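Novice: Please build the complete structure, drawing on both the sequences and the hints.
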Amino acid sequence: MQSSKPTHVRYLILLMLFLVTTINYADRATIAIAGSSLQKDLGIDAVTLGYIFSAFGWAYVAGQIPGGWLLDRFGSKKVYALSIFTWSLFTALQGFVGEFGMSTAVVALFMLRFLVGLAEAPSFPGNARIVAAWFPTAERGTASAIFNSAQYFATVLFAPLMGWIVYSFGWEHVFIVMGILGIIFSLVWLKVIYSPREHPRINDAEFKHIADNGGMVDMDQKGKKSDGPKWDYIRQLLTNRMMLGVYLGQYCINGITYFFLTWFPVYLVQERGMTILKAGFIASLPAICGFIGGVLGGVISDYLLRKGHSLTFARKAPIIAGLLVSSSIVACNYVDVEWMVVGFMALAFFGKGVGALGWAVVSDTSPKQIAGLSGGLFNTFGNIASITTPIVIGYIISSTGSFKWALVFVGANALVAVFSYLVIVGPIKRVVLKEPPAKGGNEVTGNLSQAHS
Numbered sequence: 012m013q014s015s016k017p018t019h020v021r022y023l024i025l026l027m028l029f030l031v032t033t034i035n036y037a038d039r040a041t042i043a044i045a046g047s048s049l050q051k052d053l054g055i056d057a058v059t060l061g062y063i064f065s066a067f068g069w070a071y072v073a074g075q076i077p078g079g080w081l082l083d084r085f086g087s088k089k090v091y092a093l094s095i096f097t098w099s100l101f102t103a104l105q106g107f108v109g110e111f112g113m114s115t116a117v118v119a120l121f122m123l124r125f126l127v128g129l130a131e132a133p134s135f136p137g138n139a140r141i142v143a144a145w146f147p148t149a150e151r152g153t154a155s156a157i158f159n160s161a162q163y164f165a166t167v168l169f170a171p172l173m174g175w176i177v178y179s180f181g182w183e184h185v186f187i188v189m190g191i192l193g194i195i196f197s198l199v200w201l202k203v204i205y206s207p208r209e210h211p212r213i214n215d216a217e218f219k220h221i222a223d224n225g226g227m228v229d230m231d232q233k234g235k236k237s238d239g240p241k242w243d244y245i246r247q248l249l250t251n252r253m254m255l256g257v258y259l260g261q262y263c264i265n266g267i268t269y270f271f272l273t274w275f276p277v278y279l280v281q282e283r284g285m286t287i288l289k290a291g292f293i294a295s296l297p298a299i300c301g302f303i304g305g306v307l308g309g310v311i312s313d314y315l316l317r318k319g320h321s322l323t324f325a326r327k328a329p330i331i332a333g334l335l336v337s338s339s340i341v342a343c344n345y346v347d348v349e350w351m352v353v354g355f356m357a358l359a360f361f362g363k364g365v366g367a368l369g370w371a372v373v374s375d376t377s378p379k380q381i382a383g384l385s386g387g388l389f390n391t392f393g394n395i396a397s398i399t400t401p402i403v404i405g406y407i408i409s410s411t412g413s414f415k416w417a418l419v420f421v422g423a424n425a426l427v428a429v430f431s432y433l434v435i436v437g438p439i440k441r442v443v444l445k446e447p448p449a450k451g452g453n454e455v456t457g458n459l460s461q462a463h464s
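Every letter in the sequence shown is one number past the one before it in the working numbering, and letter 10, counting from 1, is 21.
Calculated from the structure, these hints are not laboratory results.
Just so it is clear, the structure is predicted and the values come from calculations on it, not from any experiment.
Hints should not be assumed to be uniformly reliable.
[What the hints assert, rightly or not] Calculated lysine-lysine pairs in the DSBU-like style (CA-CA distance at most 30 Å, straight line):
| # | residue 1 | residue 2 |
| --- | --- | --- |
| 1 | K318 | K440 |
| 2 | K202 | K219 |
| 3 | K88 | K219 |
| 4 | K440 | K219 |
| 5 | K51 | K289 |
| 6 | K88 | K16 |
| 7 | K88 | K202 |
| 8 | K415 | K51 |
| 9 | K16 | K202 |
| 10 | K89 | K219 |
Specialist: Now the structure itself:
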């Protein structure tokens, strides 16, 4: 590192996080785009498809805490690279399940989706960890919103492409194409990603700017010298009212996300009578609005912070306003005109994007010694929705024969998240941990952000 005009290497790091999260969510969405054709070819019903949709979530949730621990123990670069490679390999293998008989194919598909979820578990804790290391506090909301908004960009970019692939070549090819893309990207990741202190392109001026303004620049260096986080820290986080409120809010927000990632294309085909090709393009429109809302929510939050508002107000205001808007998804039950249905879906996804600031809150509140573990615990609770949402909606459709109550269920998730942030979370501030008794009981106040309340 040399002293001169500050470099902007952190923006390259953010671009990498955005790209890897785009691939991450595209791989999650492959099953949704292929779902209707796959359901027809394999002869499976809505409940079975719901369970296949949920397979990712079972493993993703189970892997969050171990994934966060691995990140804290071995650092973000290597653990994340292995994660990208393995989830991409398992995605590609899904393209070959059609070679088996129906029952074997269903089991194989469930298991491969399960393995994709397990391999992806370190991804979002890794994102939050890298943002905490590379970005000052006042830039962290925007940075977190940008990588989180990649989930919408994935649909914008890949839903039409994957819809075209299914329409032209068959559902199997979607998995193969996306798997190969991810494997290639894992090699790029190893060439570009470093910690701030180790990156060959950063200079002293940028490093000092990050370090002096809240960036945890030595996070991985410290993690390599330790034996990993202490498990008593989990108990402390689980007894913190603020964090429990954040966990509940994230569960509900992800309930909305996983409707769009799993059942939304099926809704367009089966409830609204669209072809899969048209559904692929239509699905990208709400995602564009979600992407805009996702970036806007982070920009607004950091703007409020720079204007002197408390961290609590700066984070909560966009979250609550956005989720109230997101509950408008229920209005789709009362319109029949296609453009109005798409319009309300777009409005709901825009609101969800504005309100999806949970990862910024995690970066603001997590103690530095367990940045990965704290993010993993947060994502564990949030992604229980990846299990429950597809299954609940599958049963609703099976018992009612339509998606109307499914949309009510999704809208209710938004309102419960609003309640959580209004009533349960309270002031957003750093978490103070106590060392386990065996270590002397000293308090550790390490945090991922400057102190705001």
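Novice: With reference to the structure, classify each hint as holding or not holding.
Specialist: Results of checking the hints against the structure:
no., hint, verdict
1, K318 with K440, "holds (18 Å)"
2, K202 with K219, "holds (24 Å)"
3, K88 with K219, "holds (22 Å)"
4, K440 with K219, "holds (24 Å)"
5, K51 with K289, "holds (18 Å)"
6, K88 with K16, "holds (27 Å)"
7, K88 with K202, "holds (10 Å)"
8, K415 with K51, "holds (23 Å)"
9, K16 with K202, "holds (24 Å)"
10, K89 with K219, "holds (25 Å)"
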